[in-house]
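Student: As a plain string of letters, each chain reads:
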Amino acid sequence: MSIILDHVSYIYEAGTAMEFAALKDINLVIPDGQFIGLIGHTGSGKSTLVQHLNGLLAPTGGSIYYNGADIHDSDYNKKELRSKVGLVFQYPEHQLFEIDVFSDVCFGPKNLGLNKKETELRAYAALKQVGLEDEYFYQSPFDLSGGQKRRVAIAGVLAMKPEVLILDEPTAGLDPKGRDEILDQIAKLRRETGITVILVSHSMEDVAKYVDRIIVMNRGQVLFDNEPGEVFRHYKELEQVGLAAPQVTYIMHELKQRGLDVDTDITTIAEAKNEILKALKK
Amino acid sequence: MGIIEAKNLVFEYIRRDEEGNVEGITRAIDDVNLDIRQGDFVAVLGHNGSGKSTLAKHINAIHYPTEGTVWVDGKDTSDDVNLWEIRQEAGMVFQNPDNQIIGQVVEEDVGFGPENLGVPTAEIWQRVEESLKAVGMYEFRKHSPNKLSGGQKQRVSIAGVIAMHPKCIVLDEPTAMLDPNGRKEVIRAVRALNDVERITIILITHYMEEIIHADKVFVMDKGKIAMEGTPREIFSQVEKLKELRLDVPQVTLLAHELRKSGLDIPEGILSCEELAAALGLSKGKNKRERLNKNSAEKKEKCL
Numbered sequence: 001m002s003i004i005l006d007h008v009s010y011i012y013e014a015g016t017a018m019e020f021a022a023l024k025d026i027n028l029v030i031p032d033g034q035f036i037g038l039i040g041h042t043g044s045g046k047s048t049l050v051q052h053l054n055g056l057l058a059p060t061g062g063s064i065y066y067n068g069a070d071i072h073d074s075d076y077n078k079k080e081l082r083s084k085v086g087l088v089f090q091y092p093e094h095q096l097f098e099i100d101v102f103s104d105v106c107f108g109p110k111n112l113g114l115n116k117k118e119t120e121l122r123a124y125a126a127l128k129q130v131g132l133e134d135e136y137f138y139q140s141p142f143d144l145s146g147g148q149k150r151r152v153a154i155a156g157v158l159a160m161k162p163e164v165l166i167l168d169e170p171t172a173g174l175d176p177k178g179r180d181e182i183l184d185q186i187a188k189l190r191r192e193t194g195i196t197v198i199l200v201s202h203s204m205e206d207v208a209k210y211v212d213r214i215i216v217m218n219r220g221q222v223l224f225d226n227e228p229g230e231v232f233r234h235y236k237e238l239e240q241v242g243l244a245a246p247q248v249t250y251i252m253h254e255l256k257q258r259g260l261d262v263d264t265d266i267t268t269i270a271e272a273k274n275e276i277l278k279a280l281k282k
Numbered sequence: 001m002g003i004i005e006a007k008n009l010v011f012e013y014i015r016r017d018e019e020g021n022v023e024g025i026t027r028a029i030d031d032v033n034l035d036i037r038q039g040d041f042v043a044v045l046g047h048n049g050s051g052k053s054t055l056a057k058h059i060n061a062i063h064y065p066t067e068g069t070v071w072v073d074g075k076d077t078s079d080d081v082n083l084w085e086i087r088q089e090a091g092m093v094f095q096n097p098d099n100q101i102i103g104q105v106v107e108e109d110v111g112f113g114p115e116n117l118g119v120p121t122a123e124i125w126q127r128v129e130e131s132l133k134a135v136g137m138y139e140f141r142k143h144s145p146n147k148l149s150g151g152q153k154q155r156v157s158i159a160g161v162i163a164m165h166p167k168c169i170v171l172d173e174p175t176a177m178l179d180p181n182g183r184k185e186v187i188r189a190v191r192a193l194n195d196v197e198r199i200t201i202i203l204i205t206h207y208m209e210e211i212i213h214a215d216k217v218f219v220m221d222k223g224k225i226a227m228e229g230t231p232r233e234i235f236s237q238v239e240k241l242k243e244l245r246l247d248v249p250q251v252t253l254l255a256h257e258l259r260k261s262g263l264d265i266p267e268g269i270l271s272c273e274e275l276a277a278a279l280g281l282s283k284g285k286n287k288r289e290r291l292n293k294n295s296a297e298k299k300e301k302c303l
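Sequence lines, in order, name chains A and B. In terms of our numbering, the first sequence is residues 1 to 282. In terms of our numbering, the second sequence is residues 1 to 303.
Check the hints yourself; a few may be wrong.
Claimed, not checked - Lysine to any residue pairs mimicking SDA-like chemistry, simulated, CA-CA at most 25 Å apart:
{"hint": "1", "chain 1": "A", "residue 1": "Lys256", "chain 2": "B", "residue 2": "Asn48"}
{"hint": "2", "chain 1": "A", "residue 1": "Lys281", "chain 2": "B", "residue 2": "Ser282"}
{"hint": "3", "chain 1": "A", "residue 1": "Lys256", "chain 2": "B", "residue 2": "Lys222"}
{"hint": "4", "chain 1": "A", "residue 1": "Lys177", "chain 2": "B", "residue 2": "Gly229"}
{"hint": "5", "chain 1": "B", "residue 1": "Lys222", "chain 2": "A", "residue 2": "Asn77"}
{"hint": "6", "chain 1": "B", "residue 1": "Lys142", "chain 2": "A", "residue 2": "Lys282"}
{"hint": "7", "chain 1": "A", "residue 1": "Lys177", "chain 2": "B", "residue 2": "Lys224"}
{"hint": "8", "chain 1": "A", "residue 1": "Lys177", "chain 2": "B", "residue 2": "Lys142"}
{"hint": "9", "chain 1": "A", "residue 1": "Lys110", "chain 2": "A", "residue 2": "Gly62"}
{"hint": "10", "chain 1": "A", "residue 1": "Lys209", "chain 2": "B", "residue 2": "Asn48"}
{"hint": "11", "chain 1": "B", "residue 1": "Lys57", "chain 2": "A", "residue 2": "Glu13"}
{"hint": "12", "chain 1": "B", "residue 1": "Lys242", "chain 2": "A", "residue 2": "Ala172"}
{"hint": "13", "chain 1": "B", "residue 1": "Lys142", "chain 2": "A", "residue 2": "Met18"}
{"hint": "14", "chain 1": "A", "residue 1": "Lys256", "chain 2": "B", "residue 2": "Gly229"}
{"hint": "15", "chain 1": "A", "residue 1": "Lys256", "chain 2": "B", "residue 2": "Ile212"}
{"hint": "16", "chain 1": "A", "residue 1": "Lys236", "chain 2": "B", "residue 2": "Asn48"}
{"hint": "17", "chain 1": "A", "residue 1": "Lys278", "chain 2": "B", "residue 2": "Lys142"}
{"hint": "18", "chain 1": "B", "residue 1": "Lys242", "chain 2": "A", "residue 2": "Asn77"}
{"hint": "19", "chain 1": "A", "residue 1": "Lys282", "chain 2": "B", "residue 2": "Lys242"}
{"hint": "20", "chain 1": "A", "residue 1": "Lys256", "chain 2": "B", "residue 2": "Gly268"}
{"hint": "21", "chain 1": "A", "residue 1": "Lys278", "chain 2": "B", "residue 2": "Lys224"}
Worth flagging that the hints you see were computed from the coordinates, not collected in a lab.
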């Protein structure tokens, strides 16, 4: 069970003067249960790519398979696909609209045609999964803080019971604690349910901390696709395409240059601490 | 008196339900006192809902104090007579670049502000040129803003503010929506304005690495100023910042963790250099050669 992208290309406004190739020959396999970080500078093709995964955009070349079936076959059920592959857009709280939090989260499952009881059970479970307290359920979503609103919006997608959850910069504009809370909840959700998570992010530190695989996009192509330590080893190439390594990786390089025998593939604070303590004992 | 002063500033707003009935009053700013000197680089931190943006909006008279007074360059913001001068002297840059750009061409967009001030045409063009050069966007002057990257758009927004010849610029999370390069471009431009033009900068941000060069940091919580000091003084208090839902730069946190493990390292480490020195690692010969090669580039990455 997986998502497969087979030679996928996408050209915006083909045949006009505005023609622009946003994706060029992308080949990817996304197995169940992975936590993937998708990074790339503005305009590198990240958003175009994720909109292909739930069929919002159809490739102008190549095919996309979800659990073995081509999602653009004429008899493929796209509506079901969109409930299975949940996409949380940037600033999802702008899409909240109901009079209270609970009704807002019910909107998705209700539209799947589920009965009232099942809808409400799912909404309740989803709000619990994002860690929202019961006391907020009957408040207007507009009275909540930025971080809480965003959680409600994510719960709205989780209530569809997706098998794949795609989040486009879920922490933009949140304070550091709010950022950690949301990402911790998502990591926990993934551990408990085995859901596949694709995190689109501009924060190298967040990506390094949470994901087990990083896909780097540049000019519509996959530049790197590997585990964080391996990807951030190429920090010079990453800088050339508008990205960077986490600050801690630069620290390890600096210490190594100065003669401390440390591993420079380190990408998180916890790893760095242990590595430095170990090196100092030698 | 500095360029911006606030005395016993209080701001309250009335919450209403859907029928417009009063539900209660929220005190968003609670007795804030500030004195910011001309030419300072000031950072404001605080969790979502702590009152940072509400405070910022007092600086160019988008909000007026409920109680207390705010002066910009000696002018009381609650006196309507001063409104236009204050808006010209204190410019604002917001989070989303797409909401602030109106021109079809970069140079037109930057000229919008001075045009509205009634600046003569020849001088508008001169100001547009200077402003775009100050943020490194002059070569894009004939481009459409729609085709620029986020960091470039934000720099155009900043140029639009500079063209009004402000004494102070308030930036409310200008990098929140940008990729790492865009963030660097914007912060570099802002620091240059402060260093070279001596424009007072008030930077609101959630990225702790962006403010290690600030002259002063204010931390807000529940509408009050909870902490104030130099970046080193503020970032020395890792646990307190975490309680206030904030963070410290990665290098500061790593040093703090090492200290907790028993290493003899001071609090408030702000750069790789400082951490390496605290660990007793001196610059070797190789290091010096390497530094000569690309010292400027390296310094920036390993803040």
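Student: All the hints need checking, so say for each whether the structure fits it.
Tutor: Verification of the supplied hints:
Only pairs whose Cα atoms come within 25 Å are accepted, and A:Lys256 paired with B:Asn48 is rejected, the gap being roughly 38 Å. About 18 Å separates the Cα atoms of A:Lys281 and B:Ser282, which keeps this hinted pair within 25 Å; it holds. Taking the CA atoms of A:Lys256 and B:Lys222, the gap is about 43 Å. The hint is violated against a cut of 25 Å. Our distance criterion of 25 Å between C-alpha atoms is met by A:Lys177 and B:Gly229, whose separation comes to about 21 Å.
Under the criterion of a C-alpha separation no larger than 25 Å, the hint pairing B:Lys222 with A:Asn77 is inconsistent with the structure, at around 50 Å. For the hint pairing B:Lys142 with A:Lys282, the CA-to-CA distance comes to about 60 Å; that exceeds 25 Å, so the pair is violated. Between A:Lys177 and B:Lys224, the direct Cα distance comes to roughly 19 Å. Compliance with the 25 Å bound is thereby established for this hinted pair. Of the supplied pair hints, the one linking A:Lys177 and B:Lys142 is violated, its CA atoms being roughly 42 Å apart against a limit of 25 Å.
Of the supplied pair hints, the one linking A:Lys110 and A:Gly62 is violated, its CA atoms being roughly 34 Å apart against a limit of 25 Å. A threshold of 25 Å between alpha carbons decides the hint, and for A:Lys209 with B:Asn48 the separation of about 23 Å falls inside it, so the pair holds. Among the hinted pairs, B:Lys57 with A:Glu13 is inconsistent with the structure: their alpha-carbon atoms are about 41 Å apart, more than 25 Å. About 19 Å separates the Cα atoms of B:Lys242 and A:Ala172, which keeps this hinted pair within 25 Å; it holds.
The hinted pair formed by B:Lys142 and A:Met18 meets the criterion: a straight-line CA distance of about 18 Å does not exceed 25 Å. Restraint check for A:Lys256 and B:Gly229: not satisfied, since their Cα atoms lie roughly 33 Å apart, outside the 25 Å limit. Between the alpha carbons of A:Lys256 and B:Ile212 the distance comes to roughly 24 Å, so the proposed pair stays at or under 25 Å and holds. Taken as a hint, the A:Lys236 and B:Asn48 pair is broken in the structure, with Cα atoms around 34 Å apart against an allowance of 25 Å.
Restraint check for A:Lys278 and B:Lys142: the C-alpha separation of about 56 Å exceeds 25 Å, so the hint is violated. For the hint pairing B:Lys242 with A:Asn77, the CA-to-CA distance comes to about 47 Å; that exceeds 25 Å, so the pair is violated. Restraint check for A:Lys282 and B:Lys242: not satisfied, since their Cα atoms lie roughly 33 Å apart, outside the 25 Å limit. Distance check on the hinted pair: A:Lys256 and B:Gly268 sit about 22 Å apart at the alpha-carbon level, within 25 Å; holds.
With a C-alpha separation of about 43 Å, the suggested pairing of A:Lys278 with B:Lys224 is violated against the 25 Å cut-off.
In terms of the numbered hints stated before, the structure departs from hints 1, 3, 5, 6, 8, 9, 11, 14, 16, 17, 18, 19, 21, listed from lowest to highest.
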